[in-house]
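All chains, full assembly: derive it from the sequences and hints.
Protein chains in written order, with this note's numbering: chain A, 1 to 198; chain B, 1 to 143.
Not one of these hints is a red herring.
Below, simulated EDC-like cross-link-like pairs (lysine to aspartate or glutamate); rule was C-alpha separation at most 20 Å, straight line: (1) A:K7 <-> B:D33; (2) B:K130 <-> B:D119; (3) A:K138 <-> B:D46; (4) B:K101 <-> A:E5; (5) B:K95 <-> B:E27; (6) A:K13 <-> B:E60; (7) A:K198 <-> A:D124; (8) A:K141 <-> B:D46; (9) A:K7 <-> B:D119; (10) A:K7 <-> B:D106; (11) A:K198 <-> A:E53; (12) A:K6 <-> B:D127; (13) B:K96 <-> B:E27; (14) A:K141 <-> A:D151; (15) A:K7 <-> A:D60; (16) B:K101 <-> B:D119; (17) A:K6 <-> B:D119; (18) A:K7 <-> B:E110; (19) B:K95 <-> B:D106; (20) B:K96 <-> B:D86; (21) A:K6 <-> A:D60; (22) B:K85 <-> A:E53; (23) A:K13 <-> B:E139; (24) A:K13 <-> A:D151; (25) B:K95 <-> A:D60; (26) A:K7 <-> B:E103; (27) A:K6 <-> B:E110; (28) B:K101 <-> B:D33; (29) A:K7 <-> B:D118.
Derived CB-CB ranges, DEER-like: (30) A:T101 <-> B:P132: 19 to 25 Å; (31) B:F91 <-> A:E86: 55 to 61 Å; (32) B:G56 <-> A:T101: 29 to 35 Å; (33) A:V192 <-> B:E103: 45 to 51 Å.
Calculated from the structure, these hints are not laboratory results.
Cβ coordinates follow ideal geometry from the N, Cα and C atoms, glycine included.
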Amino acid sequence: MFVYEKKLQYPVKISQPNPRLAQVVMSQYGGPDGELGASLRYLSQRYTMPYDELRGLLTDIGTEELGHLEMVGTLVHQLTRNMSVEDVKRGGYDAYFVDHTAGIYPQSAGGTPWSAAGMQVSGDTIADLTEDMAAEQKARKTYDNILRLSDDPDVSNVIRFLREREIVHYQRFGEALRLTVERQNQKNVYAVNPGFDK
Amino acid sequence: MNEKTIRQDTGFFASQLIPTPWQGSSEPQYAPDEALTRGTLFPGLDLPFMNMGNRGNPYEGTPLGELMAIGFAAHELVLYLDTHKDDAEAFMMLKKLLALKREAHDRYVERYGPLHTDDLMMSGDYDWVKSPWPWQAGEGGMK
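Right, dumping it as structure tokens:
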């Protein structure tokens, strides 16, 4: 089960409304490479993981990603909580505002609602871990691009933390893949799928 | 050796899955405060965009900041141990941090209210809904 802890993993305290920046940060809430997809991907893939280390890692990283989802939601909320209608218009936030006002809705920066079509649970251990490594790189890329666009140092501070987490997770998934490969037939790592063939 | 002979090398064998190098050790480590600010406990994995890492975080030096930092360092060791479960030294370090985390947690709860509903055991009244939610930080005139 999951138990709520009434704090963030890393402090988020933004004072100035900035709907233009909120629009791009939002992509890490419900975009194709965002934290919602990350948490659901890992927490769903873990059921067919064949080894103790992999079940543990996917549970622990998947849980951390839920914490990141909350951090990104907090960023978007704080960037939009005190905005005026003038701010909405000037910040190009009107298309989002008309449907969601200042609510936090899982969609990409471009307006596509979050979709499970952006992630995979293949049930194949090597394919899943390889997807997870790619997912960490794609999220890292999005954070790089947010840093290029950010004009608020307090937002950049949080984004740098989240970006660094992708790099650590990539390392751990890489190690998980090594642990998996070491346990396969060394002449043919694809001989079986250890997540299905017993 | 021309291109053709390389392609015909009969000794060729590869797992085909290019491996990430193992992190050989849980040392060196940042102190918990710096780890939280940088986003990792491990200097070897600290690879910031444009080489610009954080130099501080907004809660540094506060009771919540302290709790976040210790909790974060412990979490980093948990992820490390998930793939290095036989590293006894890292496990000892984790146990030390978890003891510190429990102390920091209780200190925080005594002063500011519950972090889990279980912490209501230490509350005089039902203050779970009274203390601010994490996204409310910096909200003016908060009750």
